[in-house]
Amino acid sequence: MQNPDDPHNSGDLIADAREEIVGMAKQGMAHPSTKPVLTAGAIGAVAGAVLPVVSWPVGLLAGAGFMLYKRLRP
Numbered sequence: 001m002q003n004p005d006d007p008h009n010s011g012d013l014i015a016d017a018r019e020e021i022v023g024m025a026k027q028g029m030a031h032p033s034t035k036p037v038l039t040a041g042a043i044g045a046v047a048g049a050v051l052p053v054v055s056w057p058v059g060l061l062a063g064a065g066f067m068l069y070k071r072l073r074p
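Residue 11 in this note's numbering sits at position 11 of the sequence shown, and the numbers go up by one each step.
These are computed hints drawn from the structure, not numbers from a lab. Be a bit skeptical, because a hint or two may be false.
Here are the computed lysine to aspartate or glutamate pairs in the DMTMM-like style, where the Cα-Cα straight-line distance is at most 20 angstroms [unchecked claim]:
(1) 70 with 19
(2) 70 with 16
(3) 35 with 19
(4) 35 with 20
(5) 70 with 12
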């Protein structure tokens, strides 16, 4: 999660998301954002499988994307 008082925080959502995703990829489950993003993706996938219009991959991406956004911009 980004610290708003951090002098290196550029305020650019895309750059912050890239930095967070790279950190998650390098640190794996040790990164503080990995578990919440994976959990939200799983919940989104289940919701997408249950809903008649949305498929599970769309739900997975929506859930993970929403949680990643909430981790970047609380």
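Can you list which hints this structure breaks, lowest number first? Hint check: nothing fails, all pass.
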